[in-house]
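Peer 1: Letter by letter, the chains look like this.
Number of protein chains: 2
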Amino acid sequence: MTGQMQRIVLASRPDAQASEENFRLESVSLPQPSEGEVLVKVHYMSLDPYMRGRMNAGKSYAPPVEIGETMTAGGVGEVFASNSPDFQPGDFALGMFGWASHACAKASDIRKLEPGLAPLTTALGVLGMPGFTAWHGLDAYGRPQAGETLVVAAATGPVGSMVGQLAKQKGLRVVGIAGGPDKCKLAVETFGFDACLDHRAYDSSEALREALAAECPDGIDIYYENVGGKVLEAVLPLMNSFGRIPVCGMIAWYEGAQTSLTAPAIWRDVLVKFLSVNGFIIFNHYHRYGDFLREAGPMVASGSIKYLEDIAEGLENAPKTFLSMLQGGNTGKQIVKLV
Amino acid sequence: MTGQMQRIVLASRPDAQASEENFRLESVSLPQPSEGEVLVKVHYMSLDPYMRGRMNAGKSYAPPVEIGETMTAGGVGEVFASNSPDFQPGDFALGMFGWASHACAKASDIRKLEPGLAPLTTALGVLGMPGFTAWHGLDAYGRPQAGETLVVAAATGPVGSMVGQLAKQKGLRVVGIAGGPDKCKLAVETFGFDACLDHRAYDSSEALREALAAECPDGIDIYYENVGGKVLEAVLPLMNSFGRIPVCGMIAWYEGAQTSLTAPAIWRDVLVKFLSVNGFIIFNHYHRYGDFLREAGPMVASGSIKYLEDIAEGLENAPKTFLSMLQGGNTGKQIVKLV
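So the sequences go chain by chain: Z and B.
Position 292 (the first sequence) corresponds to 291 in numbering that gives the first Met the number 0; numbering is contiguous.
Position 273 (the second sequence) corresponds to 272 in numbering that gives the first Met the number 0; numbering is contiguous.
So that you can see chain Z by itself, here it is in the shape it has in the complex (with noise of 0.2 Å):
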């Protein structure tokens, strides 16, 4: 098989902020799939807010993208030549195919979707790696209990959208903060938040904490931290004594936002709180994937959770889309559609 394939490489290293000179378009040849491999042409890739942190070098949880590499991402496609007895060509699967138009894959690194039960889009976020963070984190980490508060950013986001609705499940008062009165109106009335602040309203971490008070009269008991920054300063004085704080990211720091929040006054609220703060990447948690699709995914057939998607068209431009997700300017989980 012979043919051209596209991909987004990682063409520098932002200095702070990302912009469109940090990636690059290449026209490559078509990989041949080796032994137990297939090849996979991509329909749906996700752009999700890791992926601003893989942009910088530097020890993570996971190795950066090196300059002249692929972007990582997820993304659901067709099996186009397959070289593994456990899929066929029209196949679908779901893998890290990265910012491409193809990809070669391990067949045991894939999975394998039926296009009937649900939208392929959702593997990429409501039963996807964004929906199963959210249910991890507030399963694992936050331990919710009836009539407890739980406050969560980015309330309409794919993560943040689906902690509220599992908390409310759950019997808990539902606080979120979003940017623009638009996303505040959806988290209420289409999530079902209690509340929803946005935190444009606001000029400080102190008038957000204000506000947020108002809204959270018996304290704060979960924080589901994804944003850090400005919500986590707004946040952390109102923790109830034995709060939880998991913590799957910190968008608003990934390009080095300045903070009045020290070290020292993070440590005396963990201590005299005794919170319970836990960092943690779904990648590592894949072993309940099957727990999570069995609850969440009746749920999101049956109508009891909403998703929202925000879908852009072209690999092309998946950079600037990118970008504006960091900037809030996407509605719901942020896809980009390439055929």
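Just so you know, these hints were derived from the structure itself, not from any lab.
Every clue listed holds true.
Cβ-to-Cβ under 7 Å is the rule here; a few derived chain B residues that face chain Z: (1) Trp252; (2) Ile265; (3) Trp266; (4) Phe273; (5) Leu274; (6) Val276; (7) Phe279.
Ideal Cβ positions, reconstructed from N, Cα and C, are used throughout, including at glycine.
Chain Z is fixed; fit chain B onto it per the hints.
Peer 2: Showing chain B alone in chain Z's frame:
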């Protein structure tokens, strides 16, 4: 019953570093035990770092000591008069008697001691609050596994020495940090640590980190946090993925010491190394005290757990002994003998 008693009250709040002027010795009338109370003559009182936190205003896990109020302390005393069927004069009891020669306490708030089972002072140290703090924090939040590496500061103190010995018994590599070569020698030779570093020998957290890295060739899995400051700065970058940090104190930061560690740096390590950070104060966990005594009591009796006590004399010397302890002037559990 009439007579006088002595007590030490908080005369003023420290600006930063506490000093003897913050305390005042007073002579007042002996209180009378109400129904259900006993009057105790204190033989030994405990001095512990957490008391420094109580001298500051502001919300903490316990209310601050008010100006003019008796400083908080645990103590061992002899019942002098009893208005409870549960205690007779001559009985010995452990309770929160404060920095005072005598105290009234509810019978239900104190615990009878059997002087024959173990020296009375052990109820304040190795078999009391510090030893129990070490045991619970290590067990519940450290989750030690044979072959792992643990680091603990104040290694010859009553908490650090117990943490180290318990971890050694579970098959961990144990590296201590202490102030001065004599304490380091003690940590290794008496308490069986694999190594102990003198933090005074390193003028920066980077230098301490380099020395720690050499003693922890497989990284650090558990950092039992009781000091904060330079030690935490040195340790954090050496933490392994899935590391655990029980936080029971941050003495270096109680007095507002400067640090180069930032909040985003802590948060990033929590996230990318999947750390589990748990603040706790042992007063919330006394339902496990019986379990602790059943496990640790025989080990202390048999000598397989060692302990050291540093016994000062006279209530009037408590302030200067306390201030010296905050600077590491003690060796072993600091106690003041009153009788």
